[in-house]
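Using the sequences and the hints given, assemble the complete structure.
Take a look at the letters that make up each chain.
Number of protein chains: 2
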Amino acid sequence: MKQSQMLIPTLREVPADAEIASHKLLLRAGMARQLASGIYTYLPLALRTLHKIQAIVREEMNNAGAQELLMPAMQPAELWHQTGRWDVYGPELVRLRDRHDRSFALGPTHEEVITSLVRDEINSYKKLPINLYQIQTKFRDEVRPRFGLIRCREFIMKDAYSFDTTQEGLDRNFQAMYDAYTNIFTRVGLNFRAVEADAGAIGGKGTYEFMALCDIGEDTIAYSEEGDFAANLEKAEVVYKPAQKPASEAPAMEKLHTPGVKTIEQLTKALQIEAKQIVKSLIYRVDDKLVMALVRGDHELNEVKLKNLFDATFVGLATEADILSVTGAPAGFVGPVGIDKEKVEIIADNYVQDVFDGVVGANETDYHLQHVVAGRDYTVSRYADLRNITEEDVCPRTGGAIKFARGVEVGHVFKLGTKYSTAMGATYLDENGRSQPMIMGCYGIGVSRTIAAVIEQNNDENGIIWPVSIAPFHVHVIPVNVKVEEQRQISERIADELRKAGVEVLFDDRPERAGVKFKDADLIGLPLRITVSDKAAEEGMVEVRVRKTGETALVKLQDIVAEVRAMLARVDRTGAELFGV
Amino acid sequence: MKQSQMLIPTLREVPADAEIASHKLLLRAGMARQLASGIYTYLPLALRTLHKIQAIVREEMNNAGAQELLMPAMQPAELWHQTGRWDVYGPELVRLRDRHDRSFALGPTHEEVITSLVRDEINSYKKLPINLYQIQTKFRDEVRPRFGLIRCREFIMKDAYSFDTTQEGLDRNFQAMYDAYTNIFTRVGLNFRAVEADAGAIGGKGTYEFMALCDIGEDTIAYSEEGDFAANLEKAEVVYKPAQKPASEAPAMEKLHTPGVKTIEQLTKALQIEAKQIVKSLIYRVDDKLVMALVRGDHELNEVKLKNLFDATFVGLATEADILSVTGAPAGFVGPVGIDKEKVEIIADNYVQDVFDGVVGANETDYHLQHVVAGRDYTVSRYADLRNITEEDVCPRTGGAIKFARGVEVGHVFKLGTKYSTAMGATYLDENGRSQPMIMGCYGIGVSRTIAAVIEQNNDENGIIWPVSIAPFHVHVIPVNVKVEEQRQISERIADELRKAGVEVLFDDRPERAGVKFKDADLIGLPLRITVSDKAAEEGMVEVRVRKTGETALVKLQDIVAEVRAMLARVDRTGAELFGV
Numbered sequence: 001m002k003q004s005q006m007l008i009p010t011l012r013e014v015p016a017d018a019e020i021a022s023h024k025l026l027l028r029a030g031m032a033r034q035l036a037s038g039i040y041t042y043l044p045l046a047l048r049t050l051h052k053i054q055a056i057v058r059e060e061m062n063n064a065g066a067q068e069l070l071m072p073a074m075q076p077a078e079l080w081h082q083t084g085r086w087d088v089y090g091p092e093l094v095r096l097r098d099r100h101d102r103s104f105a106l107g108p109t110h111e112e113v114i115t116s117l118v119r120d121e122i123n124s125y126k127k128l129p130i131n132l133y134q135i136q137t138k139f140r141d142e143v144r145p146r147f148g149l150i151r152c153r154e155f156i157m158k159d160a161y162s163f164d165t166t167q168e169g170l171d172r173n174f175q176a177m178y179d180a181y182t183n184i185f186t187r188v189g190l191n192f193r194a195v196e197a198d199a200g201a202i203g204g205k206g207t208y209e210f211m212a213l214c215d216i217g218e219d220t221i222a223y224s225e226e227g228d229f230a231a232n233l234e235k236a237e238v239v240y241k242p243a244q245k246p247a248s249e250a251p252a253m254e255k256l257h258t259p260g261v262k263t264i265e266q267l268t269k270a271l272q273i274e275a276k277q278i279v280k281s282l283i284y285r286v287d288d289k290l291v292m293a294l295v296r297g298d299h300e301l302n303e304v305k306l307k308n309l310f311d312a313t314f315v316g317l318a319t320e321a322d323i324l325s326v327t328g329a330p331a332g333f334v335g336p337v338g339i340d341k342e343k344v345e346i347i348a349d350n351y352v353q354d355v356f357d358g359v360v361g362a363n364e365t366d367y368h369l370q371h372v373v374a375g376r377d378y379t380v381s382r383y384a385d386l387r388n389i390t391e392e393d394v395c396p397r398t399g400g401a402i403k404f405a406r407g408v409e410v411g412h413v414f415k416l417g418t419k420y421s422t423a424m425g426a427t428y429l430d431e432n433g434r435s436q437p438m439i440m441g442c443y444g445i446g447v448s449r450t451i452a453a454v455i456e457q458n459n460d461e462n463g464i465i466w467p468v469s470i471a472p473f474h475v476h477v478i479p480v481n482v483k484v485e486e487q488r489q490i491s492e493r494i495a496d497e498l499r500k501a502g503v504e505v506l507f508d509d510r511p512e513r514a515g516v517k518f519k520d521a522d523l524i525g526l527p528l529r530i531t532v533s534d535k536a537a538e539e540g541m542v543e544v545r546v547r548k549t550g551e552t553a554l555v556k557l558q559d560i561v562a563e564v565r566a567m568l569a570r571v572d573r574t575g576a577e578l579f580g581v
Numbered sequence: 001m002k003q004s005q006m007l008i009p010t011l012r013e014v015p016a017d018a019e020i021a022s023h024k025l026l027l028r029a030g031m032a033r034q035l036a037s038g039i040y041t042y043l044p045l046a047l048r049t050l051h052k053i054q055a056i057v058r059e060e061m062n063n064a065g066a067q068e069l070l071m072p073a074m075q076p077a078e079l080w081h082q083t084g085r086w087d088v089y090g091p092e093l094v095r096l097r098d099r100h101d102r103s104f105a106l107g108p109t110h111e112e113v114i115t116s117l118v119r120d121e122i123n124s125y126k127k128l129p130i131n132l133y134q135i136q137t138k139f140r141d142e143v144r145p146r147f148g149l150i151r152c153r154e155f156i157m158k159d160a161y162s163f164d165t166t167q168e169g170l171d172r173n174f175q176a177m178y179d180a181y182t183n184i185f186t187r188v189g190l191n192f193r194a195v196e197a198d199a200g201a202i203g204g205k206g207t208y209e210f211m212a213l214c215d216i217g218e219d220t221i222a223y224s225e226e227g228d229f230a231a232n233l234e235k236a237e238v239v240y241k242p243a244q245k246p247a248s249e250a251p252a253m254e255k256l257h258t259p260g261v262k263t264i265e266q267l268t269k270a271l272q273i274e275a276k277q278i279v280k281s282l283i284y285r286v287d288d289k290l291v292m293a294l295v296r297g298d299h300e301l302n303e304v305k306l307k308n309l310f311d312a313t314f315v316g317l318a319t320e321a322d323i324l325s326v327t328g329a330p331a332g333f334v335g336p337v338g339i340d341k342e343k344v345e346i347i348a349d350n351y352v353q354d355v356f357d358g359v360v361g362a363n364e365t366d367y368h369l370q371h372v373v374a375g376r377d378y379t380v381s382r383y384a385d386l387r388n389i390t391e392e393d394v395c396p397r398t399g400g401a402i403k404f405a406r407g408v409e410v411g412h413v414f415k416l417g418t419k420y421s422t423a424m425g426a427t428y429l430d431e432n433g434r435s436q437p438m439i440m441g442c443y444g445i446g447v448s449r450t451i452a453a454v455i456e457q458n459n460d461e462n463g464i465i466w467p468v469s470i471a472p473f474h475v476h477v478i479p480v481n482v483k484v485e486e487q488r489q490i491s492e493r494i495a496d497e498l499r500k501a502g503v504e505v506l507f508d509d510r511p512e513r514a515g516v517k518f519k520d521a522d523l524i525g526l527p528l529r530i531t532v533s534d535k536a537a538e539e540g541m542v543e544v545r546v547r548k549t550g551e552t553a554l555v556k557l558q559d560i561v562a563e564v565r566a567m568l569a570r571v572d573r574t575g576a577e578l579f580g581v
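In the order they appear, the protein sequences are chains X and G.
With the UniProt record's numbering applied, the first sequence corresponds to residues 1 to 581, in that order.
With the UniProt record's numbering applied, the second sequence corresponds to residues 1 to 581, in that order.
No lab work stands behind these hints, which were simulated from the structure alone.
Among the hints, a few may not be true.
As the list claims (entries may be wrong) - Keeping only pairs whose Cα atoms sit at most 27 Å apart, straight-line, the calculated BS3-like set for lysine-lysine is:
1. X/24 <-> G/127
2. X/127 <-> G/519
3. X/126 <-> G/483
4. X/126 <-> G/2
5. X/500 <-> G/52
6. G/127 <-> X/2
7. G/519 <-> X/126
8. G/126 <-> X/519
9. G/2 <-> X/127
10. X/2 <-> G/126
11. G/500 <-> X/500
12. G/483 <-> X/127
13. G/127 <-> X/519
14. X/307 <-> X/419
15. G/52 <-> X/52
16. G/500 <-> X/52
Here it is in structure tokens:
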């Protein structure tokens with residue numbers, strides 16, 4: 001492809017509104033343009049990469065036994081009413097009315113559509129299991145679209161849905177998808193971890209998120225370097241290791257005047273104690289009841305764990321009025337001592353048991369209690385794992401050290417169970433003629449987000465560094481001066497020979513200065529750059545430069561095809577897969 | 001691909017709401033399912049065909065020098081305000097508001113988006129011409145979605161937009177697209193004509209529609225069997241050949257009492273005359289003025305020609321009140337005699353000149369005038385070609401006979417000119433540093449509609465008859481009884497060998513009766529069917545059947561690959577292209 005004929009509007013300036021590397025580089029390398037907040041046009045270079053990722057996704061999904069179909073973006077509201085999601089999805093769901101005033105959603109995901117399709121077309125165990133997928137444009141009206149292709153309102157997703165008759169069947173499909181995703185993200189050149197995650201609003205148990213590791217990630221991952229444990233912060237289990245009880249019991253409880261002292265930080269300063277000596281008391285509304293949740297002052301309560309403990313559908317901090325009504329005091333002075341358990345249930349994180357001489361709120365404005373002992377001065381209905389893991393905790397699998405990393409979610413595999421099939425009547429007749437709900441799994445990949453994640457992991461101050469497998473082209477051929485006829489001819493010949501050998505070439509035939517062309521080449525970031533100078537005509541040699549390492553080699557013209565293929569095989573593991581022998 | 005693992009829900013019943021062959025067959029062959037009116041899911045078989053059509057479109061577009069990108073479906077209303085189309089597009093434009101109450105359209109077409117992109121990224125003649133295309137899901141809230149994939153509310157389109165500095169440049173791009181479309185529709189196996197068409201609301205002059213010829217077409221095409229003339233009814237030029245003036249002039253004009261006689265049909269009966277002796281007078285509102293248009297009683301006024309004559313943006317029949325105010329009579333009794341030309345301009349179709357002794361309305365309820373002569377009894381401001389062509393007219397190119405056919409529009413090439421570039425400020429600096437508007441063309445293909453058009457042209461009472469190039473698979477391998485181990489093994493071996501030879505195979509491994517499998521095979525309509533019976537094991541022979549002709553051949557197992565490839569090459573011209581030697 002001749003660069004002069006391709007729309008690659010590179011930019012010298014760093015766009016003002018782009019905060020992260022991939023966003024800046026997608027704009028600067030002339031790959032994407034924003035049309036509206038969170039809505040982008042993919043220019044020709046980006047589309048080539050997108051198509052390559054899609055091809056890898058298709059290949060792995062088909063190999064895993066999934067079948068591709070294509071569902072509509074416009075989905076009738078009636079379907080969403082059947083699962084109740086029309087009401088619970090909130091403003092993220094893009095809604096519209098047609099000319100007949102009928103309501104539609106623009107699909108952010110397709111559980112409703114696929115479940116209704118399979119319900120209508122499959123009714124016997126003989127036709128199950130089945131796993132159906134599509135690669136399609138999705139719509140989510142994000143409250144804060146940002147980071148370029150990382151968090152968009154219109155984006156491209158691969159979504160798959162499996163239907164089984166048994167839990168073991170679901171386990172097999174789930175494992176096949178887990179393996180396919182591992183292959184896919186390996187093949188596109190990502191550094192990723194599959195982490196245990198919480199199912200969130202979509203429901204179901206047994207889910208993994210595939211996280212591309214990078215600093216800009218919105219999620220924190222806790223992982224162990226020994227073994228394969230990796231989990232979202234919200235999901236990571238905290239192992240309770242009881243502390244040694246001190247020899248002497250704490251003195252009797254005592255009330256302290258602590259005017260205006262409300263936060264843990266203020267308390268540690270005012271009383272000259274450590275945060276771990278304090279017990280935080282938080283009042284939550286959990287569905288229709290009020291709960292006081294206790295955690296140690298140096299720990300963070302985990303709302304997901306709280307929600308799961310009660311198997312609740314709603315968890316949120318209680319209102320000031322609620323807090324006042326059950327404790328008699330405002331937030332900041334709340335504590336478990338003397339609470340009326342008819343009004344509020346008290347639960348506590350396991351580690352609260354270790355606070356043998358603690359400080360809590362006195363349920364009275366400007367007062368706290370010290371020398372408080374659980375069991376002696378107050379009781380709780382149960383202890384449980386209710387807090388976020390920290391880097392001082394241990395791996396629940398190996399007992400080894402826990403590390404934290406940031407990650408961007410690029411894939412997600414879910415066990416849905418029968419949530420949607422039951423709601424929508426997707427049943428089949430089993431071997432005994434009995435009607436049973438199908439057991440479902442769903443599996444998503446953020447296809448367009450993957451472009452950004454790969455760039456986020458593969459760039460330097462000069463631009464993108466594409467993995468060979470999804471680079472828009474493999475090689476950038478650049479004559480130093482295209483107006484020198486011999487340089488031009490040799491460049492064209494090289495481009496031609498490489499193309500015939502299955503190497504994709506971008507030929508920079510623009511009448512620009514060499515410096516401009518080299519800068520653009522670094523920005524665009526194709527794996528290899530071939531520079532054709534007068535040396536080519538005079539000595540029959542061209543320079544081949546590896547974008548990733550900066551290494552250069554002088555290569556004889558007659559060796560160019562073999563040498564380029566060999567160098568591509570050495571660039572990275574994705575190049576080895578494509579060009580290795 | 002094993003049929004047991006593929007979602008192909010064939011139907012025995014003809015779906016009640018499907019009127020036309022392609023709609024019935026897409027449903028019956030298990031290729032598509034309706035989600036909502038005009039909104040369909042493409043099941044795996046249809047998606048394979050869709051992908052093949054897309055690959056052909058891509059190849060031809062790229063060969064023609066166009067570059068692929070991908071624009072968003074969600075388009076900010078501001079862009080549509082810039083061209084004024086937000087107001088004129090009407091309810092066909094799907095509109096929505098985001099969570100911040102900003103208005104968006106779901107793209108029915110992308111002139112606004114592409115023009116704003118090119119405006120922002122290209123500013124010099126050095127970067128022009130350029131031709132950009134995408135294959136994308138489009139949305140149009142059709143008033144009457146129907147005919148399955150023919151007229152949808154959500155559909156897949158290829159749209160391309162060219163930008164040039166000169167009219168000659170546009171002509172070249174236009175011709176390149178015309179040629180690419182000819183290749184594309186030939187390669188997918190369509191019987192089509194490129195017909196001259198009117199540009200309609202989108203504007204611009206010089207447009208062709210690529211029409212697939214089939215009876216269910218909503219458009220009528222006038223064409224000549226000599227030469228290549230083909231035009232939409234609305235566009236086809238009518239050549240005026242004046243009739244011989246009779247020797248004696250008509251008698252003096254005379255008023256007739258014609259109570260309740262309003263239509264041409266009633267008049268011919270009441271007065272015992274032919275329709276061609278009557279002059280119809282129709283009052284139109286043309287932008288902000290009223291126009292009386294005269295056509296012969298046996299002719300149809302063509303509103304497109306009327307609109308073009310006045311270079312108007314709006315043409316519509318006048319209201320009863322308007323008619324009364326300028327003629328003093330209601331519709332049905334209107335005529336050109338004695339009209340106040342301050343209130344209404346009178347124009348006439350060329351052929352009205354030939355009515356040497358005519359009948360017209362008397363501008364008085366229940367009265368007509370007879371023996372009316374143009375020029376003597378009334379005058380018009382101009383004569384022009386204002387009517388639809390008929391099969392009695394002649395070809396404007398060759399003078400030969402005109403035939404009519406029905407067609408479904410599958411492609412459209414437009415010369416837009418500077419309409420959008422001027423409205424949106426898409427200018428470039430020319431060689432002299434002067435700012436000029438870019439000259440645009442736009443070029444669409446109904447990709448999903450093409451599936452339906454191909455089926456419409458290629459089917460019989462048993463099902464679809466796929467052209468080789470876009471068949472979901474090339475060959476259907478069917479063991480008569482899959483439970484007979486030898487049949488199964490031979491079938492698998494054949495499927496395997498064919499696959500290795502680049503022939504796509506659907507292997508019917510379902511434990512169904514042979515009759516059911518044959519019926520499904522005819523319905524699905526793959527080009528060749530290979531039946532594996534006991535003869536295969538006993539005599540080493542299988543039967544190969546050509547779906548299109550019903551011919552069968554007994555083929556030796558060792559010859560199967562060569563023979564199947566040779567037969568595919570003979571099925572149709574698309575097979576010859578893929579498998580010919």
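Do the hints match the structure? See the list:
1. X/24 <-> G/127: Holds: residue 24 of chain X and residue 127 of chain G sit about 24 Å apart, inside 27 Å.
2. X/127 <-> G/519: Roughly 19 Å separates the two Cα atoms, so the pair holds.
3. X/126 <-> G/483: holds (16 Å)
4. X/126 <-> G/2: holds (14 Å)
5. X/500 <-> G/52: Holds: residue 500 of chain X and residue 52 of chain G sit about 24 Å apart, inside 27 Å.
6. G/127 <-> X/2: Holds, at roughly 13 Å.
7. G/519 <-> X/126: Holds, because 20 Å separates the two Cα atoms, which is no more than 27 Å.
8. G/126 <-> X/519: holds (20 Å)
9. G/2 <-> X/127: holds (13 Å)
10. X/2 <-> G/126: Satisfied, since the Cα-Cα distance of roughly 14 Å is no more than 27 Å.
11. G/500 <-> X/500: holds (23 Å)
12. G/483 <-> X/127: Holds - the C-alpha atoms of residue 127 of chain X and residue 483 of chain G are around 18 Å apart, at most 27 Å.
13. G/127 <-> X/519: holds (19 Å)
14. X/307 <-> X/419: holds (18 Å)
15. G/52 <-> X/52: Cα-Cα ~17 Å, so holds.
16. G/500 <-> X/52: holds (24 Å)
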